[in-house]
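J.: Starting from the given sequences, assemble the full structure and let the hints guide the process.
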Amino acid sequence: MKKYFSNKSFLAGISILAFLLIFLITGSIFNCHRYDEIDTLNKFAHFSSEHLFGTDHLGRDVFSRILVSLRISFSTGFIVMVSGLITGIILGAFSGFFGGICDSIITKIIDTQMSFPGILISLMLIAVFGNTVEITITALYIMTIPRFTRIARSGFIKYKNSMFVTAAKSKGAGYMRILFVHILPNIMPDLTVTATLNFSLSILAESGLSYLGLGIQPPLVSFGRMLNEGQRFILQRPSNVLIPAAFLILLVLSLNLMGDGISEVNKK
Numbered sequence: 003m004k005k006y007f008s009n010k011s012f013l014a015g016i017s018i019l020a021f022l023l024i025f026l027i028t029g030s031i032f033n034c035h036r037y038d039e040i041d042t043l044n045k046f047a048h049f050s051s052e053h054l055f056g057t058d059h060l061g062r063d064v065f066s067r068i069l070v071s072l073r074i075s076f077s078t079g080f081i082v083m084v085s086g087l088i089t090g091i092i093l094g095a096f097s098g099f100f101g102g103i104c105d106s107i108i109t110k111i112i113d114t115q116m117s118f119p120g121i122l123i124s125l126m127l128i129a130v131f132g133n134t135v136e137i138t139i140t141a142l143y144i145m146t147i148p149r150f151t152r153i154a155r156s157g158f159i160k161y162k163n164s165m166f167v168t169a170a171k172s173k174g175a176g177y178m179r180i181l182f183v184h185i186l187p188n189i190m191p192d193l194t195v196t197a198t199l200n201f202s203l204s205i206l207a208e209s210g211l212s213y214l215g216l217g218i219q220p221p222l223v224s225f226g227r228m229l230n231e232g233q234r235f236i237l238q239r240p241s242n243v244l245i246p247a248a249f250l251i252l253l254v255l256s257l258n259l260m261g262d263g264i265s266e267v268n269k270k
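Numbered by our numbering, the letters in the sequence shown go through residues 3 to 270 in order.
Simulated from the structure, these hints should not be mistaken for laboratory data.
A portion of the hints provided could be inaccurate.
[Said to hold, decoys possible] Derived pair list, reagent style DSS-like, types lysine-lysine, alpha-carbon separation capped at 27 Å: (1) Lys162 to Lys110; (2) Lys160 to Lys173; (3) Lys10 to Lys269; (4) Lys269 to Lys5; (5) Lys160 to Lys110; (6) Lys173 to Lys162; (7) Lys269 to Lys162; (8) Lys160 to Lys171; (9) Lys269 to Lys4; (10) Lys5 to Lys160; (11) Lys269 to Lys160.
[Claimed, not checked] Restraint-style ranges between C-beta atoms, simulated for each label pair: (12) Phe46 to Ile159: 54 to 62 Å; (13) Leu255 to Ser77: 41 to 49 Å; (14) Ser172 to Met126: 45 to 53 Å; (15) Phe80 to Asp38: 19 to 27 Å; (16) Ser117 to Ser50: 46 to 54 Å; (17) Ile107 to Asp41: 56 to 64 Å; (18) Ile251 to Pro187: 17 to 25 Å; (19) Ile27 to Leu214: 26 to 34 Å; (20) Ser50 to Ala129: 40 to 48 Å; (21) Thr168 to Ser77: 39 to 47 Å; (22) Leu54 to Ser106: 52 to 60 Å; (23) Val130 to Met190: 34 to 42 Å.
The C-beta atom is built at its ideal place from N, Cα and C for all residues, glycine as well.
T.: As structure tokens, then:
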């Protein structure tokens with residue numbers, strides 16, 4: 003951790019992310035407005051102590067909607083990242099370590115999935131099953147599996163014939179112990195970089211789908227939904243576009259900087 007925090011990219015990224023988390027927690031504690039509360043008599047209100055970021059075209063508090071959008075982005079990105087990482091490790095472990103028919107089947111499935119653009123698969127799932135939060139997360143989760151699987155597979159292939167694996171086998175260690183206790187820790191640095199970058203890509207993908215009206219649906223709100231609604235009134239109230247855009251950029255930038263920092267430290 004000392005090496006990571008001595009890296010400027012990682013330090014900048016984690017500082018921005020910490021700021022956003024503190025903003026989310028403290029804002030949620032002291033916020034006194036509902037994100038979906040409509041007050042047409044108070045639409046396009048200016049910044050004030052009552053409405054820190056003003057209100058939108060329906061009189062809804064922008065500050066409250068930013069808090070909910072941050073929470074949606076954090077939770078969606080984290081769930082997609084963790085579930086994709088676990089699935090990718092399991093598939094990559096069995097594919098890379100055991101090889102043979104198992105490797106052929108998993109590789110063919112992954113290659114077939116990667117031949118289709120991830121956003122196309124997401125649009126297909128949403129069109130068939132509906133655009134609920136669960137379907138959006140599932141679609142983004144399916145998009146992340148190939149990246150984690152390919153990296154995990156290459157790592158298990160690299161280490162399956164190593165001396166420490168041979169020593170573990172000679173001591174009677176089972177396959178599960180060899181896979182997840184002896185080999186997995188050696189490939190976690192590469193998987194961590196991929197997980198960080200996939201976190202940010204999942205957030206961007208969710209925002210893109212919501213912007214197109216295919217992701218998070220009202221009354222819930224996300225950055226993509228706020229940008230979609232705010233663009234119609236950008237000349238009248240540009241802050242309703244600039245504020246959610248700024249928070250989305252900061253969130254994605256923080257994760258990308260952390261990923262770059264981790265990658266730089268791992269290469270040394």
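J.: Does each hint fit the structure? Answer for all of them.
T.: Going through the hints against the structure:
1. At most 27 Å may separate the alpha-carbon atoms for a hinted pair to count; Lys162 and Lys110 meet this at roughly 21 Å.
2. Note on Lys160 and Lys173: the hinted pairing holds, with a Cα-Cα distance of about 21 Å set against a maximum of 27 Å.
3. The straight-line distance between the Cα atoms of Lys10 and Lys269 is roughly 15 Å, inside the 27 Å bound, and the hint therefore holds.
4. For the hint pairing Lys269 with Lys5, the CA-to-CA distance comes to about 12 Å; that is within 27 Å, so the pair holds.
5. Of the pairs offered as hints, the one joining Lys160 and Lys110 holds, with about 20 Å between alpha carbons and a cut-off of 27 Å not exceeded.
6. The hinted pair formed by Lys173 and Lys162 meets the criterion: a straight-line CA distance of about 16 Å does not exceed 27 Å.
7. At roughly 22 Å between alpha-carbon atoms, Lys269 and Lys162 fall within 27 Å of each other, so this suggested pair holds.
8. Distance check on the hinted pair: Lys160 and Lys171 sit about 17 Å apart at the alpha-carbon level, within 27 Å; holds.
9. For the hint pairing Lys269 with Lys4, the CA-to-CA distance comes to about 15 Å; that is within 27 Å, so the pair holds.
10. Among the hinted pairs, Lys5 with Lys160 is consistent with the structure: their alpha-carbon atoms are about 25 Å apart, no more than 27 Å.
11. At roughly 17 Å between alpha-carbon atoms, Lys269 and Lys160 fall within 27 Å of each other, so this suggested pair holds.
12. Between Phe46 and Ile159 the C-beta distance comes to about 59 Å, which sits within the given range of 54 to 62 Å.
13. For the hinted restraint 41 to 49 Å between Leu255 and Ser77, the CB-CB distance of approximately 19 Å leaves it violated.
14. Ser172 and Met126 have their C-beta atoms about 49 Å apart, which keeps the hinted 45 to 53 Å range intact.
15. For the pair Phe80 and Asp38, the beta carbons lie near 23 Å from each other, so the given range of 19 to 27 Å is met.
16. A hinted range of 46 to 54 Å holds for the C-beta pair Ser117 and Ser50, which are about 53 Å apart.
17. Checked against the given bound of 56 to 64 Å, the beta carbons of Ile107 and Asp41, roughly 57 Å apart, stay inside it.
18. Distance hint for Ile251 and Pro187: a CB-CB separation of about 34 Å, inconsistent with the stated range 17 to 25 Å.
19. Checked against the given bound of 26 to 34 Å, the beta carbons of Ile27 and Leu214, roughly 30 Å apart, stay inside it.
20. Remark: the range hint 40 to 48 Å for Ser50 to Ala129 is upheld by a beta-carbon distance near 42 Å.
21. In this structure the supplied range 39 to 47 Å holds for Thr168 paired with Ser77, their Cβ-Cβ distance being about 43 Å.
22. At about 57 Å, the CB distance of Leu54 to Ser106 agrees with the hint of 52 to 60 Å.
23. Between Val130 and Met190 the beta carbon distance is about 35 Å. The supplied range of 34 to 42 Å therefore holds.
Going through the hint list in order, the structure does not satisfy hints 13 and 18.
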